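Protein sequence lines, in the order shown, are assigned to chains C and R. Residue 0 is where the first sequence starts when you use numbering that gives the first Met the number 0, and the numbers rise one by one after that. Residue 0 is where the second sequence starts when you use numbering that gives the first Met the number 0, and the numbers rise one by one after that.
Take the hints with a grain of salt, since some may be wrong.
Claimed, not checked - Derived DSS-like pairs: lysine-lysine, alpha-carbon spacing no greater than 25 Å straight-line:
#1 K30/C / K67/C
#2 K39/R / K67/C
#3 K30/C / K222/R
To be verified - Interface residues of chain R toward chain C, partial, derived using beta-carbon atoms under 8 Å:
#4 E11
#5 D12
#6 S56
#7 L70
#8 L174
For the record, the hints were derived by calculation from the structure and aren't laboratory data. Model, not experiment: these values are computed from the prediction. Glycine included, each C-beta is placed from N, C-alpha and C at the ideal position.
Below are the chains, spelled out letter by letter.
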Amino acid sequence: MTDDPIADLLQSVAAQDRAAFRQLYSEAGAKLMGVLIRMLGTRAEAEDALQEVFTRVWLRAGRFDASKGRGMTWLIALSRNHAIDRLRARPNHVSDDLAMEQAADPAPRAETRLMAQGEARRINECFDTLEPDRAQALRGAYLDGQSYIDLAARFDVPLNTMRTWLRRSLLKLRECMDT
Amino acid sequence: MTPHNLTSEHPEDEDDLLAAEYVLGVLDLPERTAVEARLKADTAFADRVAGWEDRLSDLNGAFAPEPAPDLMPRIEARLFPQAARPANGLRSWWADLRLWSGVAVASVALVAYLALTPPKPELTATLNLDKGALQYAAVITSGRLTITRVAGEVPDAAHSHELWIIAGNDPPVSLGVIPAGGETISLPGAAAGAVLAVTLEPPGGSPTGKPTGPIVAKGALVKA
Chain C
0 MTDDPIADLL QSVAAQDRAA FRQLYSEAGA KLMGVLIRML GTRAEAEDAL
50 QEVFTRVWLR AGRFDASKGR GMTWLIALSR NHAIDRLRAR PNHVSDDLAM
100 EQAADPAPRA ETRLMAQGEA RRINECFDTL EPDRAQALRG AYLDGQSYID
150 LAARFDVPLN TMRTWLRRSL LKLRECMDT
Chain R
0 MTPHNLTSEH PEDEDDLLAA EYVLGVLDLP ERTAVEARLK ADTAFADRVA
50 GWEDRLSDLN GAFAPEPAPD LMPRIEARLF PQAARPANGL RSWWADLRLW
100 SGVAVASVAL VAYLALTPPK PELTATLNLD KGALQYAAVI TSGRLTITRV
150 AGEVPDAAHS HELWIIAGND PPVSLGVIPA GGETISLPGA AAGAVLAVTL
200 EPPGGSPTGK PTGPIVAKGA LVKA
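Please build the complete structure, drawing on both the sequences and the hints.
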């Protein structure tokens, strides 16, 4: 047992405990649904993706290692990866994402929520050391699944410029967070 | 898109930045599948990815929970095709209790039996196509499936073989990419008659969760 109830459930799921699998769904389903709706844009696709995510959770729970991270972090990483794969497999995903972007600019919304999160204080302090548009691009990538191509279009800069911006920002972020 | 070295003079930073870009999600599909193939073989690189998942997980608080419908019946129907649930709302709690005490006795007997006898294969399948040399053999023993390539070649570096199970009219469920040396995975609840199929996919497997390439081998599970 750990102090991480989701990790405990994942370990039971790895041992093929179906009751634990159901409990995991009731405890983590809403959070993962939030991840998938935000990234994929529609509830219908998010529900389809959530089924796929939980199918993978059952098949891959044995790969979760509680000594390396929290259960919810692992579940969200799995969900984000699946959502990103879906986004990248979409034809014309640039225009889709841009339409979404214009409909509701997610950055300020994310920021407001983040301010309320104690656990996020460290990354926010580190984001404050970056130029604001670059911090916003990083958030757009992580929270909304925007690719380099999407971000270059959104910030109206060439693709390689965006790539250089983000790579420099990632190095700064790492330096700030690891100290 | 070629990785470039503008940001750093340290070569190890290139790997770390690629890991960060993967976790951030900004790479395109071919780049992602290349990273996923590397993740399976390169533990140092996998640790870099885990490091970035941890750093960026501080952003996870910004994902607001959304009500999720109860998808569990559909998920379980895909994963455990054998477990036909008698949707009998009238069954009383003591009937359940009696059932479970019976199951408990049976379980003790089963454990004793299993302790004394080596597990025997329960289901087998031979996966191939009429034309073509490729053949896989699948064996299910105690809820674990072992898949082995018995004839033909592994795919080239630009492709992976991905294994799927199809129960009845349900959509295929991925059981993952088959490593060159075969593998054993947990697969409880598979039933005779379900079909195993291998498709040709991008490295690291189908990006969509559904088969995207041609079937290169298939076969139905039969009782051993």
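Okay, the hints, checked on the actual structure:
no., hint, verdict
1, K30/C / K67/C, "holds, 21 Å"
2, K39/R / K67/C, "holds, 17 Å"
3, K30/C / K222/R, "violated, 41 Å"
4, E11, "violated, 12 Å"
5, D12, "holds, 7 Å"
6, S56, "holds, 4 Å"
7, L70, "holds, 5 Å"
8, L174, "holds, 7 Å"
Checked against the numbered hints above, the structure breaks hints 3, 4 and satisfies the rest.
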